[in-house]
Amino acid sequence: MTGIAIDWNYFWSVAPLFLRGLELTLVLCLVCNGISIAVAYVLATILYFRTPVLCQLIRAYVSLIRNTPMLVQLFFFYFGLPEIGVAASPLISGIIVLTVWATAYQTENIRGAIEGLPPRLTEAGRSLGLRPGGLFVFVIAPVATRTVVPAMMNTIISATKNSALLSSIGVMELTYVAMDNIAESYRSMENFLALLICYLTIVMGLSAIVTLLERHLGRGYRR
Amino acid sequence: MNFDLILENRDFFLRAAGYAVVIFVASTMAAMALSLAFGSLATVRLKLIRMPVRIVIEVFRDIPQVVLLFFIFFGAPAFGLQLGPLQATILCLSLWGGANGAEIVRGGINAVPRHQFESARSLGLGSFSIFVAIILPQALRPVIPAYAGLCNILMHSTSLGALVGVVELLKSGQIVIDRASYYQGGSPGLTVYGFILVVYFIAGLLMNAGIRGLERHLGRSSKR
Numbered sequence: 044m045t046g047i048a049i050d051w052n053y054f055w056s057v058a059p060l061f062l063r064g065l066e067l068t069l070v071l072c073l074v075c076n077g078i079s080i081a082v083a084y085v086l087a088t089i090l091y092f093r094t095p096v097l098c099q100l101i102r103a104y105v106s107l108i109r110n111t112p113m114l115v116q117l118f119f120f121y122f123g124l125p126e127i128g129v130a131a132s133p134l135i136s137g138i139i140v141l142t143v144w145a146t147a148y149q150t151e152n153i154r155g156a157i158e159g160l161p162p163r164l165t166e167a168g169r170s171l172g173l174r175p176g177g178l179f180v181f182v183i184a185p186v187a188t189r190t191v192v193p194a195m196m197n198t199i200i201s202a203t204k205n206s207a208l209l210s211s212i213g214v215m216e217l218t219y220v221a222m223d224n225i226a227e228s229y230r231s232m233e234n235f236l237a238l239l240i241c242y243l244t245i246v247m248g249l250s251a252i253v254t255l256l257e258r259h260l261g262r263g264y265r266r
Numbered sequence: 008m009n010f011d012l013i014l015e016n017r018d019f020f021l022r023a024a025g026y027a028v029v030i031f032v033a034s035t036m037a038a039m040a041l042s043l044a045f046g047s048l049a050t051v052r053l054k055l056i057r058m059p060v061r062i063v064i065e066v067f068r069d070i071p072q073v074v075l076l077f078f079i080f081f082g083a084p085a086f087g088l089q090l091g092p093l094q095a096t097i098l099c100l101s102l103w104g105g106a107n108g109a110e111i112v113r114g115g116i117n118a119v120p121r122h123q124f125e126s127a128r129s130l131g132l133g134s135f136s137i138f139v140a141i142i143l144p145q146a147l148r149p150v151i152p153a154y155a156g157l158c159n160i161l162m163h164s165t166s167l168g169a170l171v172g173v174v175e176l177l178k179s180g181q182i183v184i185d186r187a188s189y190y191q192g193g194s195p196g197l198t199v200y201g202f203i204l205v206v207y208f209i210a211g212l213l214m215n216a217g218i219r220g221l222e223r224h225l226g227r228s229s230k231r
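Residue numbers (the numbering used here), protein chains in the order written: chain A, 44 to 266; chain B, 8 to 231.
Among these hints, one or two may not hold up.
[As the list claims (entries may be wrong)] Computed spacing ranges between beta-carbons, pair by pair:
#, chain 1, residue 1, chain 2, residue 2, range
1, A, E257, B, P149, 34 to 44 Å
2, A, R169, B, R68, 39 to 49 Å
3, B, G133, A, S56, 21 to 31 Å
4, B, S194, A, L171, 56 to 66 Å
5, A, R258, B, P149, 37 to 47 Å
6, B, I62, A, W51, 22 to 32 Å
7, B, M36, A, V180, 44 to 54 Å
8, A, A194, B, A83, 30 to 40 Å
9, B, H224, A, P175, 49 to 59 Å
[To be verified] Okay, the calculated bits of chain B under chain A, using three or more residues with CB under 8 Å as the criterion:
#, region
10, 79–88
11, 100–110
12, 167–174
13, 200–210
It should be emphasised that the hints constitute simulated quantities derived from the structure, not laboratory data. Yeah, the Cβ is synthetic: ideal placement off N, Cα and C, and Gly gets one too.
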């Protein structure tokens, strides 16, 4: 047992490893959240226009993902799907599962924001002669985007934290690096301290962005 | 796909589901108590109490659940605390749920209009009875949906126990797959994990229905 005393020499010696893990976590965060927001807008658009069949499919997908644990989804994808010939490396599997997970939540966020808009917005747009397509692009989507930002950032933060789950299939992100170090050296406190610092930095950084964005987006309303 | 495998192992899966339920119920109860206590403390006017509580809440909210779980399971011995997988999972989910619930409760308390407090004071109630009888009931009712969302996440998080070796649903699935691929060849991962996804999905639907019922029930009494 190493005890609670922290060996700072060891702490600094593992810093480069953690930086590499941090890099991968940040890349995961950027890639998965970027793709998921883009796809979620498309899915929410399909939901808005009530496209038959596709609409039901998306609803089923969203409720399936939101009602099951991400860890089970991850295992299903990584250990289950190779059986029918769908196999990918841990990193690719992780990115796919995390993206699919985040997309479902983001779709729900955007759908909720769109449904929360007052109906007079649609009526006003119609009376100005906008067609449904133009109405969505120029009125509904921009206004909904404003209200969706806090929920969207929450999902981004959750997705970033959930990237820690990917360590269980061997993606070498932050948590994996820490657990690997502990298995090698039995120095748990130093590694957990480093892990804590890394995650606090990421989440607090994202939270700061949320605050800035909210202030920026709120400005328009106060005019 | 072979569904016989699920049927053959139904007792095993049932016992595993029992563990998942134990983790869920225990951690939800503990989280509820913790979130009430810490959520209330986070609204105390005394800065000396409020700030440390809020910092602790924030730290627990910001680290991923898995990391907290690993910290409790692998790190606790350094503090002279030996925890089994089951205890570690329950403690992790209680603390995590407590921190997130505390934030919800804090929001609820802060949303109670100030004049409620002032009116109660002018009626001659003491600080403690104002908090328990006036503020808390009004603070808790509107946050039920948010809290229900938290319970949903806690239910999903019981699957994390698999990572430290609690034989709950996910771990039982792994064991069944290992056993089947050893004795029968092939790997039935798709069937077993698919089955576990379905179990969680159904449990989630049932819980949502229950919560909606509760909300309707509570909404009715507030409309009187």
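Here's how the hints hold up against the structure:
no.	hint	result
1	A:E257 x B:P149: 34 to 44 Å	violated (21 Å)
2	A:R169 x B:R68: 39 to 49 Å	holds (43 Å)
3	B:G133 x A:S56: 21 to 31 Å	violated (57 Å)
4	B:S194 x A:L171: 56 to 66 Å	holds (60 Å)
5	A:R258 x B:P149: 37 to 47 Å	violated (25 Å)
6	B:I62 x A:W51: 22 to 32 Å	holds (23 Å)
7	B:M36 x A:V180: 44 to 54 Å	holds (49 Å)
8	A:A194 x B:A83: 30 to 40 Å	holds (35 Å)
9	B:H224 x A:P175: 49 to 59 Å	violated (40 Å)
10	79–88	holds (count 5)
11	100–110	violated (count 0)
12	167–174	holds (count 3)
13	200–210	holds (count 6)
Of the numbered hints listed earlier, those contradicted by the structure are 1, 3, 5, 9 and 11.
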